[in-house]
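**Student:** Residue strings, one per chain:
Protein chains: 2
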Amino acid sequence: MADVVVVGTGLIGTSCALALRASGFTGRIAGIGRSRANLDAARARGAIDRGYAFEERWASELVGARTVLVAVPIAQNRSVFAALAPALDAASVIIDAGSTKQEVIAAARATLGAHLARFVPSHPVAGSERSGAEAANAGLYVGRQVIVTPLPETDPEALRAAGEFWTACGARIASLDAARHDRIFAAVSHLPHLLAFLLVDEIASRADSAEYLANAGGGFRDFTRIAASSPEMWRDIALANRDALQSEIAVFRQALDALALSISHGDGTAIEALLERAAKVRRTWGESGVGATEGVPAI
Amino acid sequence: MADVVVVGTGLIGTSCALALRASGFTGRIAGIGRSRANLDAARARGAIDRGYAFEERWASELVGARTVLVAVPIAQNRSVFAALAPALDAASVIIDAGSTKQEVIAAARATLGAHLARFVPSHPVAGSERSGAEAANAGLYVGRQVIVTPLPETDPEALRAAGEFWTACGARIASLDAARHDRIFAAVSHLPHLLAFLLVDEIASRADSAEYLANAGGGFRDFTRIAASSPEMWRDIALANRDALQSEIAVFRQALDALALSISHGDGTAIEALLERAAKVRRTWGESGVGATEGVPAI
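Those sequence lines, one after another, are chains D and S. My numbering puts the first sequence at residues 1 to 299. My numbering puts the second sequence at residues 1001 to 1299.
Do not rely on the hints blindly, as some may be mistaken.
[As the list claims (entries may be wrong)] Interface residues of chain D toward chain S, partial, derived using beta-carbon atoms under 10 Å: (1) 112; (2) 113; (3) 116; (4) 125; (5) 145; (6) 163; (7) 174; (8) 187; (9) 193; (10) 203; (11) 208; (12) 230; (13) 242; (14) 249; (15) 268; (16) 284.
[As the list claims (entries may be wrong)] The following label-pair restraints were derived from C-beta to C-beta distances: (17) S/1283 - D/258: 29 to 35 Å; (18) S/1277 - D/175: 33 to 39 Å; (19) S/1139 - D/110: 36 to 42 Å; (20) S/1106 - D/269: 19 to 25 Å; (21) D/269 - S/1034: 33 to 39 Å; (22) S/1208 - D/273: 39 to 45 Å; (23) D/261 - S/1177: 51 to 57 Å; (24) D/261 - S/1130: 26 to 32 Å; (25) S/1269 - D/173: 22 to 28 Å; (26) S/1139 - D/206: 30 to 36 Å; (27) S/1214 - D/210: 37 to 43 Å; (28) S/1053 - D/175: 53 to 59 Å; (29) D/175 - S/1172: 49 to 55 Å; (30) D/130 - S/1083: 27 to 33 Å.
The set of hints was computed from the structure by calculation and includes no laboratory data. Predicted model, so just to flag it, every value in this text is computed and none were measured. Quick reminder that beta carbons are idealized off the backbone N, C-alpha and C, glycines included.
Using the sequences and the hints given, assemble the complete structure.
**Tutor:** Written out as structure tokens, the structure reads:
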């Protein structure tokens, strides 16, 4: 008989619960998860009132729940939805928090049955390179964007309720088509994450990596911050969004090849033109919107 | 008759002058540069006592100077050294501040004549994506590393004096072979800078780039911070260090191809293994040394 059920009490789910608490929400919040450590940490921090492992008897908590937030690595959505479905209350709004949307929608279509109209696919564009309930914080979503990608079937009332949920967490709401979302985030988020992981791994794999890492400075630090992110979460994203990601990798590799050619030709004019274009865009971006909130960790 | 002459009063040179002032240095500091705006800004900020454009008569300022700091984009070192050489005082220590070392050493060998033994090649591993005297700050070098790459000919007394100069600016000194330096920085600094510039340019070149950039979050922000850096400076670095950079690009492209293959095969095990290795290294690096100074801008 919880008001809110958070499935997955890692960084994202626990931060939502803490944000709700901070907004003055006094209802009951139950947590369900696979990690006893995260459940205990979420409870110790006051984010949830009670925590259940998946194998425990949590079904009664779903009775009358206003919101069920599913915040698990993407590959787990299908089995989590399937486990929840029989116990879901017809009045509950189901919200996910994944960084790719088409695969979670397919999982929902395959498992949620009549509850599909109450499911609102959501991507909070916020996070951290840290993971787990211990890393959660009530301010994670403040001023950040949450992108919803509603289905044709989505109940407008459920969409409105999901918007209110995220707004209570401090976020702004935007709406996108799911396929468009996945293409955009392949370029602006998934590819840079993989490039950062790749650079660190490639340097770390050298016999003399210690000397390289000892000399790395602030550019390396910021460029690779996201390479400390959850490997499981990013493995799932890479696979869930593989088509869009593969075209982004192909386009990026072409650009890298062209730059390598300019360098080998000593073509300073071409190199400077590229750097000028990028610097102009990045400086402008940095002065407005998301870029202006320098220092706030977010994925 | 200045005590210190700063040639190039941009971010790096002006920050050195401000750092010296902050350390209690009360001697005369003269500035020489191509940008009247930077010279005026450096003077207005109290970094230099007098500023000269290159075409002005600055030679007398070099008489008796303890230190001549040359902090210009790398491609300009040769002509700057050649212009300075006839007026250099035999007792002056000449220091550069470039991010690649072999090319500046070649420029010094070609131009400095008898002053070569008083030249100490230096790379302050500090900077910012911002440029110019207005962006300079007295704390830029505090706790950062300056790498010196002395020549066989380098006068030990000049090396010691250069170390004192950088220490007065707040930095720590390390020493490396110049070729080794250039290889290491190609991997940990020059390549990530170019990757960041490339990602921004590649996204910005799309007809619908505005929608991509509007959805970019904190991962993109940190990954691309260095893409706002000076295009001229980074063009020069790419060309000056082109051999090392080209092998780094080749190695990185191979790693990217391997990852693309794992993604197309849906090989989650291989992907997760790579991400795990990288995350482990990045987390450890972040807890020690340079990585621990999160939030301090540095190149």
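**Student:** Hint by hint, say whether it matches the structure.
**Tutor:** Quick rundown of the hints versus the structure:
1. Restraint check, residue 112 of chain D versus chain S: the minimum CB separation of about 24 Å is more than 10 Å; hint violated.
2. Hint on residue 113 of chain D is violated. Least Cβ distance to chain S is approximately 28 Å, over the 10 Å limit.
3. The restraint placing residue 116 of chain D at the interface with chain S is violated, with a minimum CB-CB distance near 26 Å, outside the 10 Å limit.
4. The interface hint given for residue 125 of chain D is met, as the beta carbon of that residue sits about 4 Å from the closest beta carbon of chain S, less than 10 Å.
5. Checking residue 145 of chain D against chain S by beta carbon gives a least distance of about 7 Å; that is within 10 Å, so the hint holds.
6. Annotation: interface hint on residue 163 of chain D violated; nearest CB of chain S at approximately 18 Å, more than 10 Å.
7. The interface hint given for residue 174 of chain D holds, since its Cβ lies 8 Å from the closest Cβ of chain S, which is under the 10 Å cut-off.
8. A least Cβ separation of about 6 Å between residue 187 of chain D and chain S falls short of the 10 Å threshold, and the interface hint therefore holds.
9. Interface restraint check: residue 193 of chain D against chain S, minimum CB-CB distance 6 Å, threshold 10 Å, status holds.
10. Interface hint at residue 203 of chain D: satisfied, since its Cβ lies 6 Å from the closest Cβ of chain S, which is below the 10 Å cut-off.
11. With a cut of 10 Å, the hint placing residue 208 of chain D at the interface with chain S holds, because the nearest CB-to-CB distance is about 9 Å.
12. A hinted interface residue such as residue 230 of chain D counts as satisfied when its beta carbon comes closer than 10 Å to some beta carbon of chain S; here the least separation is about 7 Å, so the hint holds.
13. Hint on residue 242 of chain D holds. Least Cβ distance to chain S is approximately 5 Å, under the 10 Å limit.
14. Below 10 Å, beta-carbon pairs count as interface contacts, and residue 249 of chain D has one with chain S at about 5 Å; its hint therefore holds.
15. Checking residue 268 of chain D against chain S by beta carbon gives a least distance of about 5 Å; that is within 10 Å, so the hint holds.
16. Using the Cβ-Cβ criterion of 10 Å, the hint placing residue 284 of chain D at the interface with chain S is satisfied: the shortest such distance is roughly 9 Å.
17. The given range of 29 to 35 Å is respected by residue 1283 of chain S and residue 258 of chain D, whose C-beta atoms sit roughly 34 Å from each other.
18. Checking the proposed 33 to 39 Å range against residue 1277 of chain S and residue 175 of chain D shows it holds: the Cβ atoms sit about 38 Å from each other.
19. For residue 1139 of chain S and residue 110 of chain D, the hinted distance range of 36 to 42 Å is not satisfied, since their beta carbons lie about 56 Å from each other.
20. The hinted window of 19 to 25 Å between residue 1106 of chain S and residue 269 of chain D holds, with their beta carbons roughly 22 Å apart.
21. Our hint of 33 to 39 Å for residue 269 of chain D and residue 1034 of chain S is violated, since their Cβ atoms are close to 19 Å apart.
22. Residue 1208 of chain S and residue 273 of chain D have their C-beta atoms about 22 Å apart, which leaves the hinted 39 to 45 Å range violated.
23. As the Cβ distance of residue 261 of chain D to residue 1177 of chain S is approximately 29 Å, the hint placing it in 51 to 57 Å is violated.
24. Taking 26 to 32 Å as the suggested C-beta distance range, the pair residue 261 of chain D and residue 1130 of chain S conforms, at roughly 30 Å.
25. The hinted range of 22 to 28 Å is not satisfied by residue 1269 of chain S and residue 173 of chain D, whose Cβ atoms lie roughly 37 Å apart.
26. Restraint check, residue 1139 of chain S to residue 206 of chain D: a C-beta distance of roughly 33 Å satisfies the suggested window 30 to 36 Å.
27. Separated by about 41 Å at the C-beta atoms, residue 1214 of chain S and residue 210 of chain D satisfy the suggested range of 37 to 43 Å.
28. At about 55 Å, the CB distance of residue 1053 of chain S to residue 175 of chain D agrees with the hint of 53 to 59 Å.
29. Between residue 175 of chain D and residue 1172 of chain S the C-beta distance comes to about 51 Å, which sits within the given range of 49 to 55 Å.
30. Hint check: residue 130 of chain D to residue 1083 of chain S, Cβ distance near 51 Å, so the stated range 27 to 33 Å is violated.
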